[in-house]
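First residue of the sequence shown? That's 1 in UniProt numbering, and the numbers climb one at a time after it.
None of the hints are false.
Taking lysine to aspartate or glutamate pairs in the EDC-like style, the calculated list, with each CA pair at most 16 angstroms apart, reads: (1) Lys341 <-> Asp151; (2) Lys97 <-> Glu129; (3) Lys97 <-> Asp31; (4) Lys341 <-> Glu289; (5) Lys341 <-> Asp159; (6) Lys97 <-> Asp33; (7) Lys97 <-> Glu62.
Listed next, with one range per pair, are the computed distances between beta-carbon atoms: (8) Val42 <-> Leu227: 51 to 61 angstroms; (9) Ala60 <-> Thr116: 36 to 46 angstroms; (10) Glu86 <-> Thr34: 15 to 25 angstroms; (11) Leu56 <-> Gly99: 20 to 30 angstroms; (12) Gln238 <-> Leu164: 24 to 34 angstroms; (13) Asp54 <-> Ser141: 32 to 42 angstroms; (14) Asp320 <-> Gly99: 49 to 59 angstroms.
No wet-lab data here; the hints were simulated from the structure.
Fair warning: this is a prediction, and the values are worked out from it, not measured in the lab.
Just so it is clear, CB atoms sit at the ideal spot from N, CA and C, and this is done for glycine as well.
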Amino acid sequence: MGWREEQRRVAHPNGMAVGASFRGVPFRTTDSDTGVGRRNEVHEYPMRDLPYADDLGRRAREFQVNGYVVGENYLQERDALIEALEAYGPGELIHPKYGMLNVVVLGRVSIRESHTEGGIARFAITFAEAGENTFPQAATSTQDGVFDAADVLGAASVDRFASLVDVAGAAALASDLIGRVNSSLDSLQRMAGLNGLVDIAGDIVRGASSIAGRLSTLIRTPETLALQLQGLYQQLGQAIKRPKSAIADLRAEYGSHDPAPWTAPVGSASPPQGATSARRVANAAAMEEFTRTQVIATQARILTDAIEAKEVSTAQDARDQADVVLEEIDHELEAYDPPAKMAAALIALRVAIVRDVAQQADRLQQRATYTTQAILPALLIAQRVYQDGSRADELVTRNRVRNPLFVPAGDLEVLR
1 MGWREEQRRV AHPNGMAVGA SFRGVPFRTT DSDTGVGRRN EVHEYPMRDL PYADDLGRRA
61 REFQVNGYVV GENYLQERDA LIEALEAYGP GELIHPKYGM LNVVVLGRVS IRESHTEGGI
121 ARFAITFAEA GENTFPQAAT STQDGVFDAA DVLGAASVDR FASLVDVAGA AALASDLIGR
181 VNSSLDSLQR MAGLNGLVDI AGDIVRGASS IAGRLSTLIR TPETLALQLQ GLYQQLGQAI
241 KRPKSAIADL RAEYGSHDPA PWTAPVGSAS PPQGATSARR VANAAAMEEF TRTQVIATQA
301 RILTDAIEAK EVSTAQDARD QADVVLEEID HELEAYDPPA KMAAALIALR VAIVRDVAQQ
361 ADRLQQRATY TTQAILPALL IAQRVYQDGS RADELVTRNR VRNPLFVPAG DLEVLR
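Let the sequences and hints guide you as you build the complete structure.
Have a look at this one:
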C-alpha cells in the first residue's frame, strides 16, 4: 500500500483529506516533524581518550505538528481546540501520518492569527507520547492512614471532654474530677512499667507527676488538661517495645471495654447534691469516655506498629489482634451512641485498621499444620519444614514443646 492510500486510511472521518484531531476536536494539518533517538549520557574522563556512553533508554518520541482551522466558524473551532490542548492528562491524537496515538501536549502551543489572512488560525503544537507509569509507582501508606485516623479520634476526644467538663463553683466537683484524673495517671504509669519502657518510663512518670501537681489549676481549663493527658497516651503508644503484649496489657489495665470506676477516698468532700450532683455524673462520664477513646487510639497505633515490625508473625495473628481493637470500637459505637463527630472518627479509624491489616497481612506468613508420624528432634523437623535447622527454637516455642529432642508425634503449627 502506497503512502497516499495509507494517509487516506487514517484520515479523519469528517472527510478532510489530510485531517487530524486531538481529543475529538478536528483541525487541518500542513506538515509535521518527528523527534526520535536514545537517551545516551556521554562520560568523558580526565587523561582518557576514550569516552563512555551510558545508554539510559529510548527517548520519548516527539511530534511537532503544524495545523490550522479555517472557515466561517474558525473562531469556535479555534476555541474548541484550545480547550482540548489545555485539558489535563493525555489525549488521543489522530494524524494522517502517525495514525492514532496517546499523547500529551509538551510545553507552549503557538497560535498565529493575521489580519491579512482572515478566517484562519494556525497552530504549532508539540506532542510527546504519553507512555505508561510502570515504575516507579506511588503507593498510599495504610499505616499512615491508621496514624492519621487515630489522631483525628484523639482530637475529637479532647474536644468532647472540653465541652462536657464543668467544675466551676463547687469544690466537691473539683475534688471528684482530680481523683478520677489521678486514677488515669496511675494507670498510665503502670502501663509504662508493664511494657518495660526503661528509656521512656521515667518521662511518662515525670509527665504524670507534672500534671498531678497542677491538677487544681488544669481542671479549670479542661481542653489543656485533655491535651496533656493525650500527650502521655501518644508517648506511651510510640514507645511500646512489645506491641503484641501491650494490647493485652491495655485490656487488663482498663478492662475489656470500660475503665475501672473510681471511688472517692474515705474522708473526702461530701458528695454534691441536686444540680451539682448531675454535673458530677456528667464529669465522670466525660472522663470515662475520654479514657476509652484515648485507649482505642493508642491500641490502633500499637497494632499497626506491631504488624509493620513483624512482631505479629502471621496474617492470622494480625487479624486476631485487629479484631480485639475493632471489638472495642464497635462496643463504643453501640453501647454509648457517641455524637456525630466522635462516631465519624471511630468509623474512620475502623476502616483504616481493616485496610491496613488487609494490605500488610499479605507480606506476613501463614499458619499451617505439619504432621509427624513419630517422635523426632525439633532440629530435624525444622530442617524438613523450613530447610533451616536454626528455626528449631521457633518451632519449640510456637508448639510449647517441653523437650526439643523429643517432639511428640502429631500435628504441629508451622509458618509458611
